[in-house]
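Chains as they are written, first to last, in my numbering: chain B, 1 to 410; chain E, 1 to 253; chain G, 1 to 253.
Treat the hints loosely; a few may be bogus.
Cβ-to-Cβ under 10 Å is the rule here; a few derived chain E residues that face chain G [to be verified]:
1) Leu15
2) Leu22
3) Met43
4) Leu114
5) Thr125
6) Ile143
7) Leu227
8) Arg233
9) Ala235
Please keep in mind that the hints were generated in silico from the structure rather than gathered at the bench. A virtual CB, placed ideally from N, CA and C, is assigned to each residue, including glycine.
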Amino acid sequence: MTLLLYAILVFFWLLLLFYSALTVAGLWQRISSQAPEKLKGDYPNVAVLIPAHNEGVVIEDTLNAMAKLRYPGELNIYLLDDNSKDNTAEIAKEFAETFSRIHYIPVPPGYPSGKSRVLNYGLSISSSKYFVVYDADNEPEADAVEKLIETAEQTPKAAGAVGYVKTKNASANLLTRMIGLEFQVFQLLMQCGRWALFKIGSLAGTNMLLRRSVIEELGGYDPLALAEDAELTVRLTALGYVLPVVPLSRTWEQEPETMKTFIKQRTRWLNGNLYLLEKSFQDRSAWFGRTFMLSLQHVVTYLFFVLLLVVSDIFFIAGITGIGLPLVGAPLEMLWFMTYIVYVCQLLSSLVIDRNLTVKNVLLVLVMYFTYAQIFLFLLFRSVTMYTISRARKKTIVWDKTQRFKGNVE
Amino acid sequence: MGDNLKLGVLLLLLLAAGWAILVIPLPFAREVAFVAGLSVLVMAAVHERYVFLYAMSAILSYGAFLTFYAFLTGRQSVSELPYIYSHLLLTAFLLLYWVLLNKIKHIGYEKDELKRQIGLLQKYTGHSELLTANEFIEQAAWIMKAGERKKEQAWFVEISLEHESRRTRDSLMASLERTIKNTIRQKYDLVTSVNDTIYLLLKDTDEAGAARVVERYHENLRTELNLLEPPFRVAAVQAMDLGQLAAALGRSS
Amino acid sequence: MEKNLKSCGLLLLVLTSGWTILVFQFPFSREIAVASAVSIVILCLIHDRYSFFYTASVIVSFGAYLIVFMFRNPSLQAWELYYITSHLLLTVFIVSSWIMISYIKNLGYETERMKRELDNMRKTQHGTDVLTPAEFASQAVYILKAAERNRKETWLLTIDIGTVGKRMRNSLLTALKQAATETIREKYDLVTSTEDKIFILLKDTDGTGAECVLRRYQDKMRGELNFVNFPFEFQKEQVFHVQQLRRFGEATV
């Protein structure tokens, strides 16, 4: 038992040190990176694909932002309407009738439902050297696409490029503020940090640019994948492509404002990652070469780290309540406390680098470990249960649409 | 850096004074600590012009109280010293805090004032990079003067957005502003945008020249917009004096 | 006011945590007090971009030290909570100090940047009608563009008073600037100056015209000054392209 506890502690701390290294690498990457240089020749043509299903609440703001995109080359924007029943079509058609580069495209119904299938359709009706995907609640900054292209064209072996995602409704409530902070630290560690250390980037579901020839080489999106961005990242990496991160290319997206919507969304993401995990266990090629780091990280994050989080919580509660702990000769409470401190420092780093160090954000950072981080234990339990049941019944988990909100935008 | 160091020293002195209030067993230590803590909040909340008044009132009031207390209890001069130290500590604390607060607030006020001045002198608006209305009028003064000397015409063109759809209005205006920048003669003609109207001042031209610019604008917009009819109304007049332009823009010349 | 309240709230937090460190006898309280005081000074002295690294290093280093200390003193493990409280006190103190000092420093950096921006944006030199070099450059671009279009000439006159004694230079410069603004055509030609030179840009004129303006200027100066022969140099050159005026500012680059 003592040996097991020691093993857990050592492994836990190795993981923590790994994430700390990612934090430092991410900080260094952000500090030292410069804006991409302008291209000397012509800018390649780009298709912007926006999958949309019942996005009437947000699509007007999105298309307004799209209409203001500045790009020196040919740019066409395709609103891919996946059988919306609200006024998405009406709004999109109004924009298409006004602006020559905005196009309204109704997507024929099909199976399975979801973003991957819709994107594959969008690719089939467009032709351009590059395509960039935006979710329907995203408002990219005017130079977002330009910066992605400049980086992709000037990075050897780049399949495309990935920009940053900011939270536009961060001030709506505590949940959205914490989601915003989570995105910040994720992008610092998992995007910039991994790029700095391993030259690995990963596609986000939005503000992501890809070369058309690459997606054709891969055979398009996997329509069964709920986390289509993560799934595509693994396949891209296996082929030897890189995905540079472009922090200066920014889009603003809306995050769930209620706990119910948040749980639905994150369950979908986790299910998607579990699908990926299962795929990686079945496919040995996922454990060779550059995909090794990606696959290892998946296993470590979604299996071991969460289990260790449970163990550390048990130790903390036992320590506070005075319940007798096995004699391990180690200062468990102190160790737990330092994991909390390291977690807080990671979050503070992201505040510093994104220049939103405020009293409110710092106070939230201090409580996030006890509140927001713990929700993920419940989410993983829920996802694993749903996934296991669906696999046992040989059923496909369907795409679960995220509810949109109006108002309280920053 | 010198200012920052002063700040640090002030902070340390304040900490030391506060610590001394708490730790040294002087008379009324608890009450003084309470007043000091309360003062931190009050002096932060009130307007700057009342802060010193508050500090002085607190200091003098406490002094008056101690004097009165000393009279009442018939204190001898030797045993008055602890009361004097107590008063000195509170005074030091309040004055140090007042200076620190002043420094912090002053930087904030200075920044606000600079922001205001920069706003007035700004030549270009942030998003569209057209001239600000103020800069347009200032530069127009030079053009009008030059035109007067050389007996050349300048033409003032108003392009007012007329588009029913509220949804696409904002993006449409951005598109119009972007296109006009690429239509006029760079560093020669002037363009600004106020509310939903674009204003041009075309230099060294005549009515036909102004019409040609408008025609070129229509052509450029055809690649941007799908609309059959242009979503704006155009009015062009010869610019006779600065007052005419200023009135149109809602400014004084 | 909200910002002031926030910074004062932070100050209160700094003071409270500082006093708690000093007053209560938690483990290593003396060492923490010294580290806290030194940290205030260091945070004030170093540039803001290094503040977070310093803060995080102190917090993590102290934590690492405590872990090692506890491993080596297993008998003290029953008192872990006190050591954690010690660490928490230091963390609260240093983090709130860092945020407060960072906020004030950033206000200061922003103010300096805005002052520089404002200096660049100012059109005229203080108390005169003479343009700042940046504004001179900006307007010169328009003049040269117009000259190019209309096939007209532009001439630059330079008056160099570098040889004049330092004692008189300031007053002489003022007089020369005043004379220059009275000599040129208002809202047509441009005037600027540096520490020891005055520059006049003449629009739509030729060599003879430039000579004429120069003589007019010298006659005006003779009315002001007692010199028979001026102790400064006069130069005139035709300006063909914007790069010749690069020394005046970014607008011409």
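Here is how each hint holds up against the structure:
| no. | hint | in the structure |
| --- | --- | --- |
| 1 | Leu15 | 5 Å, holds |
| 2 | Leu22 | 6 Å, holds |
| 3 | Met43 | 8 Å, holds |
| 4 | Leu114 | 4 Å, holds |
| 5 | Thr125 | 14 Å, violated |
| 6 | Ile143 | 9 Å, holds |
| 7 | Leu227 | 33 Å, violated |
| 8 | Arg233 | 29 Å, violated |
| 9 | Ala235 | 25 Å, violated |
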